[in-house]
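K.L.:
Fit chains B and C to the given chain A structure using the hints.
Line by line, the protein sequences are chains A, B and C.
First residue of the first sequence? That's 1 in UniProt numbering, and the numbers climb one at a time after it.
First residue of the second sequence? That's 1 in UniProt numbering, and the numbers climb one at a time after it.
First residue of the third sequence? That's 1 in UniProt numbering, and the numbers climb one at a time after it.
Among the clues, some could well be false.
Stated by the list, open to error - If you only want the chain A side, here are some residues facing chain B, beta carbon under 10 Å, derived:
1. Ala51
2. Ile56
3. Phe82
4. Asn84
5. Asp159
6. Met293
Hints were generated in silico from the structure; no laboratory data involved.
C-beta atoms are modelled at their ideal positions from N, C-alpha and C, and glycine is treated no differently.
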Amino acid sequence: MKKEIQFEHVKKSYGDTEVVKDLNFTIKEGERLILLGPSGCGKSTILRMIAGLENITDGNLYMNGEKMNHVPSGLRNVSMVFQNYALYPHMTVKQNIVYGLKVQKLPKQEMENRLNSVMEILQLRGLEDRLPKSLSGGQRQRVALARATVKRSDFFLLDEPLSNLDAQLRESARKELVKIHEMFNQTIVYVTHDQIEAMTFADRIALMYNGELQMLDTPDNVYHRPANVFTAKFIGSPSANILEADYRNGWVHTGNQAFEVNDSWKEHMNKQSFDDILFGIRPEHLELSTSPMSNGLEGRIKYIENLGKSCSIYLEADGQEMIAVSENGSWKQGQSVYVRPQSDRIHFFNKATEKSLGHPAERTETNQTIEERRVLV
Amino acid sequence: MKINRTAEVTWHIIFFAAVILLIFPIVYALGMSFKPLEDAYNNVLNIVPFQSTLENYITLFDTLPVLRITLNTFVIATVATIFKVVTAFLAAYAFVYFDFRGKNILYFVLISTIFIPFTVTMIPNYLIVSEMGLLDTVWGVILPQLADAVGIFLIRQSMKNIPLSLIEVARLDNTGHWKIMKDIVLPLVRPAVTSIGIWFFISTWNEFVWPVLIMKTTDNYTLPLALQMFISVEGGTNFTVAMAVSVVTMIVPLALYLTFQKYIIGTFTSSGIK
Amino acid sequence: MSTLILVREKLHINKENALGYILLIPSIVIFAVFTFWPLFYTVYLSFFDWNMISPSKEFVGLRNYFDVLTDPRTYQILGNTFLYIVLLLVINCVVPYIFAFVIDVVLTRLKGFYKSAMFLPAFISLVVGSILFTWILNPVSGPLAIIFGWVGLEIPNWTKTEGWIIVVLSIITSWKVFGYNFILLYASINGISREIIENARMDNIPLWRIFLQIILPMSSATGIYVFIITIVQSLQYVFTPVKVVSQGGPDYASSNLIYHAYHEAFVVFRTGHSATISIITMALFLLLLFLEFKFVERRIYYEN
Chain A
1 MKKEIQFEHV KKSYGDTEVV KDLNFTIKEG ERLILLGPSG CGKSTILRMI
51 AGLENITDGN LYMNGEKMNH VPSGLRNVSM VFQNYALYPH MTVKQNIVYG
101 LKVQKLPKQE MENRLNSVME ILQLRGLEDR LPKSLSGGQR QRVALARATV
151 KRSDFFLLDE PLSNLDAQLR ESARKELVKI HEMFNQTIVY VTHDQIEAMT
201 FADRIALMYN GELQMLDTPD NVYHRPANVF TAKFIGSPSA NILEADYRNG
251 WVHTGNQAFE VNDSWKEHMN KQSFDDILFG IRPEHLELST SPMSNGLEGR
301 IKYIENLGKS CSIYLEADGQ EMIAVSENGS WKQGQSVYVR PQSDRIHFFN
351 KATEKSLGHP AERTETNQTI EERRVLV
Chain B
1 MKINRTAEVT WHIIFFAAVI LLIFPIVYAL GMSFKPLEDA YNNVLNIVPF
51 QSTLENYITL FDTLPVLRIT LNTFVIATVA TIFKVVTAFL AAYAFVYFDF
101 RGKNILYFVL ISTIFIPFTV TMIPNYLIVS EMGLLDTVWG VILPQLADAV
151 GIFLIRQSMK NIPLSLIEVA RLDNTGHWKI MKDIVLPLVR PAVTSIGIWF
201 FISTWNEFVW PVLIMKTTDN YTLPLALQMF ISVEGGTNFT VAMAVSVVTM
251 IVPLALYLTF QKYIIGTFTS SGIK
Chain C
1 MSTLILVREK LHINKENALG YILLIPSIVI FAVFTFWPLF YTVYLSFFDW
51 NMISPSKEFV GLRNYFDVLT DPRTYQILGN TFLYIVLLLV INCVVPYIFA
101 FVIDVVLTRL KGFYKSAMFL PAFISLVVGS ILFTWILNPV SGPLAIIFGW
151 VGLEIPNWTK TEGWIIVVLS IITSWKVFGY NFILLYASIN GISREIIENA
201 RMDNIPLWRI FLQIILPMSS ATGIYVFIIT IVQSLQYVFT PVKVVSQGGP
251 DYASSNLIYH AYHEAFVVFR TGHSATISII TMALFLLLLF LEFKFVERRI
301 YYEN
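In isolation and in its complexed conformation, chain A is listed as follows:
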């Protein structure tokens, strides 16, 4: 039986408030799925439903092909790392790690072996008899990870496991997680609000907003081929520019200005015209120049934010606001500039539904396989 998790019309409400609306998707065996979204989007609720810590209001949840709606947490073969780590404050590191194994009456030898191996992997040697309160944040996080790992369960759930660590520790903790995943190949479901964590760790990202799944795809596709306006704006920093526009015969009209798209877009849009659509472009995909460019829009710099390595340039074109990034620091407020969207990086959305109008055929960078991506992390 495959170690899959399958949602079938799953709903969750507290009284009249629906926190998860009609969820349908499958988490594949052995993948690293990240549930990403702003706070209150329902992502933690989904994780807790998988763990059996929340009841499912409607619909079905299958794990290993079996219906799990009413199976108690303890019988679901899941382990979980909590945001606050949930270490037992009165137990030592060692007691914390083996408590669950003792409850499951694992043979002593097996328990020792698992303990030793996890202490090794997570560099917890020497901390066996310490109490959680005498550990640093990073050590506590590793103990929580160790406790979840020794169970060797099929499903590994993590609820914002790195959010209490500082940036440097986060990076090394991420590497440890990858290491553990490579050793045990569990199906990982990982909740975070941090897009960098999601982009670097995920095989696939499930982006949630308002209790609804916005997009489920690889990090590359989520970035390059956003399915809707929310995805385009949530992923990437600074946020993507979304402008009101009309599309006519290969030309995008924004107010009084217009630029022409490339041939693959023209083909994709099938020689149709669309009035009132949304045109999206990421700040990093805008070319900036002081002199007029073909297919460029004229605008005026309103405000510059210096980030050191680059600056974010806030400008106004045709009464609409845009952000561009530039590594060149010589821009001036009030200056007249020209911006040109890179034609193969633009997006179109239906104004009413905010859904993407699709993208031209595959681009090279989206063809990476999961295995190739893992090498990169």
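P.N.:
Just chains B and C now, with coordinates in the frame of chain A:
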């Protein structure tokens, strides 16, 4: 916070006066219990027993079965405390970690019994104890005192301070509720449960109403009841012996308080109301 | 989906929760037998004339209520009860509130000492308190009478004087109750963020304003709780000194509703009257609680 020196000194004087008012009677009883009666009468203000004597205690042990009475008090306090703490712990656990129909109403009803005056249940409880043939027995005094919702309230309060995720982790390991209770919840609320136990023990030790109603023979008396025999508005001939009984009555509560005061004050100041 | 599975799923959930009920059984049994049944039985007894010994009870309808409510003694005792309440509230609510505020917020030294010393009498038997204060306040030969004598003052013969007896018995009761209330209020004030108080100090707001306008509203939940237990529980604590020192005398001048219910039942064996008085007491407590909540709700409404 900075305030001016005079104000600070004034406040300290006020508080010292209050402390003396509260503590003086205890110290006074201790001093007087070691004085011969005559000396106590002639030197009322002299707390320190210069001609100290054990004569009051000897008289006390001769006239009353003090050991028997102390043992009664101890048994009643211990049994009542264990019962109250255990039932309150179980009830609090149910209220915190289970969700069942009528939970909130039941909790409200139980807690509101704190505000029922004892006279409302006094006659029927007396009749129950009498019907059960428990008049003039230890159980007769214990049973009506077991219905006390304060323990449920305080233990529930301290359980709610345990992060729920600790219990959830254990549930994910398929840990049963009895094991969670024993291995996780109890160790974490032990300080609160200990202080609540001490508080119950001392309240039952000091309890006056039920021993007065239930106990008839001197052999079955508790310490506060025995002490009442020595009360006399005019002072009486037994005044110093009365002081000795007071000391015997106070000694256990005082020792417990002085040993565990940090603990107890901690529980009362951290569990809070609501 | 078959109904069988649905039923089983339902049963499973119920099985999970069944343990919750089981854990509550001991408490429910104890409260049912020793609180709820007695409560109803007392209501029942209030409609009967009975002396606790006779095998038969005579149904008298509302006559007990009529008797009690037309007896001038009831109003004397009701008056005593309110005097007790006022005195106990001042000594055990107002004073410890101010003490807790000053000790926690204003002072920097001896906080721990004051806390342990003031809490200590809460652990001592009120019978001990009664016997000690009876001696210390003895109007002829007690230590206080002698000290007063030096400056030409006299201690009134309080055991024989209407009014004074209530004052002294309230003091004795407060000796035990004060520390408990003080600790609860201290804890609540201690829980208020220091930044708020420091901020007020930087704005040069006088201490009494900080107390009335910041501390009082922010600790009001505990304040109300202490207010209620002072009325409900201290009044029951008063029973002990009344029983030990004055037996309600002289001529009912120190009796309150609690002692009077005891007196009617176990001294003169009129259970009907006793039950009636207890029910009236409980009704008064409920009324007080109700008024308090109404008053407080209005206050909170204005504050926010």
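K.L.:
Check the structure against each numbered hint from earlier and tell me which ones fail, lowest number first.
P.N.:
2 and 6
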